Amino acid sequence: MHDSILNFRSYRYLWVSILLCAGSLTAYLWHDPIGVPNGGSWLGYTLGTIGAVLIVWLLWFGIRKRRYGRAIGTARGWLSAHVYLGTSLILISLLHSGFQVGWNIHTLALVLMLLVIFSGFFGVYAYLRYPALMTRNRASATREAMVAEIRELDAQALQLADKVDKSVHDAILRSIQNTRLGGGLWAQLTAKDDSGQALTRLKEAVTQAATADKQHRSGQTMVVMVDFLANQANDVQSDTLRRLIDLVSRKRALASRVARDIQLQALMEIWLYIHVPLSLALLGALTAHILSVFFYW
Amino acid sequence: MFEIAIVGSGPGGISAAARAAELKVPHILLEGALHLSNTIYRYQKGKHVMAEPEALPLRSPLKFQAGSRESILESWDQDVAKLGVNVRHGAEVTAIKKTDAGFELSIGRNDKIQARNVILGIGLQGNIRKLGVAGEDAPFVQYTLDDPDEYEGETIIVVGAGDAAIENAVALAKQNQVVVVNRREEFARAKEGNLRAIQKAIEDGVIECFFGSAPERIDKLTVGKKPGRMILNTPKGRAQVLCDRIIARLGANPPRTFVEACGVKFPNDDPAAVPAISEKYESNVPGLYIVGALGGYPLIKQAMNQGYEVVEYILGRSVEPADEPLLRAKFESMPGFKSVNATLQKIQNAVPLLATITPLQLREFMIDSTLLAPKSGEAIFKRNDYTNSFYCLVDGHVEVLMDDSGDKRVVLNPGEFFGEMSLISGRRRTATVVAGKSCVLIETPRRSMKRLINSVDAVKKMIDQVFVERAIRARFGEEATAVQIRDVVKGATLQRFKAGDVLFREGEDGDCLHLVRVGSLTISRQIAGREIVLSYVPAGNYVGEMALLGGGKRSATAKAAIATETIRVERDAFRKLLAQNPMLRMKLANEVKQRTAENITTQAGASSGDVISFLIGQGVGEATDVLLIDESLCVRCDNCEKACAETHGGTSRLDREAGPTFANVHVPTSCRHCEHPHCMKDCPPDAIHRAPNGEVFIADNCIGCGNCERNCPYGVIHMAAKPKKKPGLLQWLLFGAGPGPGESPYDPDSHEKKAVKCDMCKDIKGGAACVRACPTGAAIRISPEQLPEYAYARAP
Ligand SMILES: Cc1cc2nc3c(=O)[nH]c(=O)nc-3n(C[C@H](O)[C@H](O)[C@H](O)COP(=O)(O)OP(=O)(O)OC[C@H]3O[C@@H](n4cnc5c(N)ncnc54)[C@H](O)[C@@H]3O)c2cc1C
Ligand code: HEM
Ligand code: SF4
Ligand code: SF4
Ligand code: SF4
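Those sequence lines, one after another, are chains C and D. Going by our numbering, the first sequence opens with residue 1, and the numbers climb by one from there. Going by our numbering, the second sequence opens with residue 298, and the numbers climb by one from there.
Source of the hints: derived by calculation from the structure; they are not laboratory data. Treat the numbers as computed from the prediction; the structure is a model and nothing was measured. Ideal Cβ placement from N, Cα and C applies to all residues, glycine included.
Here are the computed lysine-lysine pairs in the DSSO-like style, where the Cα-Cα straight-line distance is at most 27 Å:
#	chain 1	residue 1	chain 2	residue 2
1	D	Lys672	D	Lys734
2	D	Lys321	D	Lys577
3	D	Lys471	C	Lys163
4	D	Lys758	D	Lys643
5	D	Lys873	D	Lys850
6	D	Lys1019	C	Lys65
7	C	Lys65	D	Lys1059
8	D	Lys627	D	Lys577
9	D	Lys850	D	Lys795
10	D	Lys747	D	Lys757
11	D	Lys747	D	Lys643
12	D	Lys747	D	Lys758
13	D	Lys1050	D	Lys360
14	C	Lys65	D	Lys1062
15	D	Lys497	C	Lys163
Derived coverage of chain D by chain C (criterion: at least 3 residues anywhere in the stretch with Cβ under 8 Å from a Cβ of chain C; other residues may be distant):
#	segment
16	924 to 938
17	951 to 959
18	1063 to 1071
Computed from the model, here is a short list of chain D residues facing chain C with C-beta under 7 Å:
#	residue
19	Glu943
20	Thr944
21	Gly1074
22	Ile1077
Here chain D stands alone, though its shape is the one from the complex (with noise of 0.2 Å):
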């Protein structure tokens, strides 16, 4: 019986182990790979490894500062065998039972261990696919593949039909014969290139594919050339392929199904939800203590403090949080400042929304937040800013200004929230809000709100609530009286589609109105047997009225451009709110008799709707802004790539060439600046934010993991490394020094690569650099709220 079982060896599980073998606490730490530190081994060769948050102290027996990838393991490697650390490879753990004196951990197939207490830190990344058959661990068989340029002249099976195994396929036939095993009719889950890539690749016969096949047996051969054979079932029968190597590309199991058979509850069935522990890394099962990215701590450092932290609070000792000092640093100005345990408990008590939280998770919280005590009368952000962090109000007021002219205002008092409607629409603040006196503030960004409604269901459905009834007051309530709204708000439900969902269709009974709070739509008609869109409608906005205000029917077609979220409000309700308020009728009804004329006017121009559309499906419909190029003035000088190599460490981050063009309206490679950024969803150092005008940018803190590139669906985000300092242009025009205007190429050696993208010129006094340097006017940058008048002086 160890005291601790620590599964997973990452840099939280190690740090753990460490500690209580630096304590002789009998211990046993299971890995399942057969080196230690999976994830970080699989980075790629000379990676450089980042140890952000800078501010965070250090606190495990184990070293780590910034390094080469090589250097950080093999410290670690000594480090362990230093102090004794007793590991188990490839000891892979299937199942952890809860037992009388304390846990059973199965481990392989029969093996078993018993532990009094054990540390879950197997990370995020999941346990890779195997084949699932005889033979699968073959030696010719492998589950990554690190260079394609490695291998020459074989004979290589692909399992697999995703991204990875379409790659791999793709590379390796360059130098190989590849045969491609896909248990589909098609490649559904594939990026559009790749498809295109494979397809083309099978069509000209580069590549064979068994479709429709799964393997059955593998077997080992040991006369003829071939080291191995794959038999596999084709939807003919039977057949056999000799082969030097079998590359599956499976994918990972993701954690979540392990972790919930060790009795581990998650809030919700959001993919990005994380387990509750308690401020002692505890789960809901008593001994059961998460570390690491699987608790929702993504960076190294946090992992191996909390490896250090949680064998003290086993042991039953308590050790100051390493992110006390940083918690202190913050809460030191307030006024009354005496501990940071009684600050916590002073916000807790403060603000609702903040009640049901767990005291680990308040902290962490805090530390991504900022406190904020503003002087009375400084605006805290300002309508039509693109900032999307959520503000409580912790003492004193604020005040909420809807218009310019100040002359509708709303008082918030202590314990309430703002900057909800930004951080979910994704767009411009709605409200400018100013400081009252003696204001006390908690500024947090997006994404540790994001993830804060994604793990405690209490805070989403406050949030939801407030929004519902905010949206709808700031659309009727100057009108209506507040127990009119009231009762609107009451009957008044969430609804979510996905892209291409229908809302309603032309012809319907209208039953209900939708306000549009997350994504956008289209409307459109049946016209000639061809569905034209008539307009554009991004979220802020309603639908649906006319039928509601009208003679029933639908007059269009409502579609969800990208995923979509709505207010849904019922017929009866509406109906009954127009009639209390006349005043209200007759605006909607003038804003109707406006719309109906200028989808008479797109209508008259119905290819307008296809420019539209063609923007639509290049993902216009959820950015906030998009660099468009008329082919009809481009004249390819490039000076658009070269402005921006120039004014950005020399690389461009848009390329003018690829993407596609319709009407001569050409969507070049570059950042949408979408609504809600894909890039930002798994960013270990939340490196990627907002700024007021919208720009979405990388922070310097960017560890260089990848993620964003892979996120992004349109492909703008390159990692680079920082090229060398170049001479001046005048330099360059009279001597030739250095490379010209627009060329920088890499320090090759560099490993330090950064994930680099358009940032819109933030920093650049004029604007766009790319815009400004097209000589012809080829290039402009567009919001949506201009697609339609754009599209209507496009149309071809």
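For reference, chain C alone in the conformation it holds in the complex (with noise of 0.2 Å):
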């Protein structure tokens, strides 16, 4: 019940875009234009009129989203068809230009075209792999909970640290300013948290605790230190530390989920970005292209 994007109404617009890249085909092959094949014969001209057609249709899909309540179809189904007939228009294009290309705006035009449609690959792609992904990732949490989780742990965290000592505190502190998640797209494509050197330094301080009683083990581990620390209940310094370990593994292991969160979603629009900017220059070059042509008739 739940049909994805390809295969809407049984690939109602692959089928579509197959017959139109055929028929253009045969038209192509069949046609005997004088001299070279080009854009200026009346199969040219035919070509390069359905294919300024569809990129203006294609482009009306951004306008389409928007329109939600006086909208015919659904999305899906625009979007289906956005997808198949958006690349057939690489052959289109190709056989309206009769394979020839030059340092000239009509070869910048379809140089721009192609990439938006490489782009729209890469979009679904993206929307077909990735909602998965992120489902797993999430593990039936909201982003926003996981957030405030993490908070939380981090206030508890500082709240144990002061308990400690400076150097303690000052790590998990710096933790925390070093936490980022989300900001600018680079950095949501990168989100990162700083909680592994926290935890080193954690680990530093359970070790000189474990030197000053003289039972030093050299290349421990986390889980060694913290079976150790368990063996010293008696020791409220370690018992502390032994909770911030858990509080720092805990934190991030969220925030590494969250991370992946914010990236994943990224990853799902940051091609909407060179997609959609790069088409309405497509827009800009379609047009330069379509009036030279007109100019210099």
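Using the supplied hints, reconstruct the complex from the two chains, each of which is provided in its own coordinate frame.
Below, the structure written as structure tokens:
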């Protein structure tokens, strides 16, 4: 019952596109122009018109998407058609140009169009792949809930760290300050948090406590340290440290989940920042292309 | 001795007192609170009070028109002073005893007054429960909390374990030290979200909680920093907590116990039942009158009119009831109209169902209803419509068409009624009803009909009886004769089940068959030590016939998915029917075979049962239409929310992210369009309706009381003000004018908030905007009939 954009109405628009391409190709092969094939023949004009209309229609999707009340059809149907018909533009435009390229405004339009289309391919990939990853990563929590929990863990950690010593307190504080989730686009794509460093510092503190106890063993992993600490239940300081390690580890796990969540969401949006501006540039180039053709007629 | 004592100064009581004062009748107005009209006093600050129903004229010495809470209370205070109403504040009436001369009213602990007549206008809010220990009225003890942000840096004890207590405690904990006192060992009565919040706060040490503890006394302190302390009995012994403030949220005592203690009778135990009162508002206790919400009239204007009228009646004068013009307007178009009373009489003579109700009930019933005179051949409702109003046939005939071909038809005669099936089951109409020649009908909306059923037992009995008969006839009547059916009907009984109750278990002997009339069931089987749900049975179907046809043992377990009612048909009666009708037997045997085959396919993909269980846990079992999002397709663009907001005055009626997910099926917070919408339960102006396609929507006469928001178990209703007008899409795209699509901040100054919820885009061509705006096909809406198929397709 939930169908993706690709199989909308049993691939209706895939078939439409295939027919369109096949028709254009047959016409192209059958057509016998005077001289080399190019945009100046009647077939060239026809294909060019089809292409231009398609591009304008593809652009219209940006408007259709936001006309919620009055719009006809479903956004999914529109997008399905957008994807398939948009792809067919590759062939149609190449046929239209008779495979001629050069350093001119016409080829600029072609290149822009191809960039828009290939960014679209990435978009489709992202739409089909990332949502499921995102759900799995979230494990039923909302992002808001995760962030709220991180804030709380931070506050608790800071309180606990107060009881230990200044260096631990500073380490925790630094880690809180260095946790940045969200922000600019680049920050979203590379979101990270700094709990790792704080953990290292905590482990050091534990190690120091252990050294002071003259029970130092080298190369201990965190797990071993916790075991070791567990044996010293009376020691308030190590108990606090152990709880701190728990808190910070939990926070790290959460923060990396949030970071991944933000990253996935950004990946699903970022390509639109290429797709849309370039499609507007394409509109400009296309207009120039058409004007120049008529001007130099 | 007062001529009239009025208890409660709500709109009903205050208007009665004002009329008495105007006429210089010796009277007293007794109000428990320290101010007038406590119910309205407790509305949220600045609330816009609405004057519904618009068409009803106001008749009272007091002014009342739509306006802010403050302006209304102020104008009443002035009018009361001007008219010289004899009012006593802080006078809670604790008992009313009948005496020879009239009544004796006890006020508080030891004060008493005498009056010849009593008007009871105490509303439905009930009295707030107090702590019931010494010091319960200390200045630092309070029983309400308006704004938690008002307090800072205090130590506050919150007593109680319900939603109000939890919400207060959690909100206060942000800026204060909060101690919660809970008599029980857990927070059993709380909503899911609140439960999680308080448990977390306690775990994290943000809130301290004394479980299994009760306050013993409260002391005022004069030394030390804190003004008071509470002594507690805890399981570990006595404890003392020093505090700045105590907030007790113990709920309210519903007024029914008090009213019954005054001698007033209620027709049955239903919480919605209202006491029967005469045309003159007199209860079964002569001289004791009931007005306002307590008598079943939940709006301010109605209460005020009644207050005025009741004083007139007590003085022995006759007044034309305020609703007379409304009724006249309704009846005038009827052929042969003489007077309102004559018409009412005619109706009561014609329709046996209405024969036993009181004149006041009949008036109320007719005010809510519409008189129809459809043309011959016109469809009154169509099969599969979702409407739920009820019809009485006053004159002429109607034809009931059971199927689309129109071959199966039944003719109803004057005095009969129809439409009870959808009213009771909450499901689609099972037949089309077409008007015959010169037919006259009364169409009554669901709420008024439910109220009548709840207040008059005879009406309930008659409708139930007809329901059972028609339901059985619809199921088995094609093959069996009328006499045979009557035998089955005679032995049939109605049975109720709570959510989770078992109707019968796998392996038991089958002793009966159930026709589901309200609610829905799940059918499950024990497989490899685990209960696997095989299918889902909505109202209108039957279960349990397999065992009666075959070996006699139940092959699966049937459980109520939600509160459910069934018609139970005993084994012997049913077997007799089968023995008499080989055709029926064959038909049923075929159905059983088909069902077994279906169950086997579900069993093969047993995990689809998990999807069904999950969805039923989310209320899909009582839904008629629910929004589901496939999280493996949803790109979190929130286009669905934007589309909803854009098409619905700026607030999205769905919250995409909230809500649980199972096997990538996400149930966002959005309306389920329940079969029996909980939100409709307590809506004073009856503003929530169901449209023919099933959409549950809120009409414009919503008064913004917030009852529906509280009553909806799925948290999908919000209170919202109208947004400012905004410029068009192109203006935004080109010039950045106004807020963008899907964004539309409220006018922050507006207090005129109304309830908003999903209306399934019933007014938008093309249907649900959320679904149509989803670019990836993640968002769909399904109805429960599609549930098994859906679950099968989604099984992980
Ligand atoms: C939040 C909210 C918003 C609403 N908004 C609107 C609206 O906009 N328009 C509208 O028409 N209706 C509205 N209503 C409904 C309206 O408030 C009630 O219908 C109306 O108040 C009922 O009036 P009443 O006189 O029957 O009783 P109430 O107004 O409930 O008054 C009862 C009074 O009796 C007193 N009392 C109770 N017990 C005793 C006792 N034992 N001794 C002495 N005194 C006692 C109480 O303190 C109270 O003052 C709203 C209701 C709520 C809850
Ligand atoms: C010249 C060709 C194309 C043009 C001019 C074009 C233009 C656009 C525009 C204007 C939008 C609206 C974006 C927005 O407002 O949010 C859009 C969205 C999109 N396009 Fe294209 N497009 C083209 C080709 C393609 C192709 C070939 C594909 C895929 C194979 C594609 C995939 C998409 C997708 C997935 C979206 C996002 C839809 C959404 O999230 O709402 N596009 N495109
Ligand atoms: S608002 Fe709530 S109670 Fe009312 S129909 Fe929707 S889900 Fe059901
Ligand atoms: S169906 Fe319409 S009203 Fe309901 S959530 Fe969707 S868009 Fe909003
Ligand atoms: S519109 Fe569709 S894809 Fe976008 S958030 Fe809503 S459900 Fe998800």
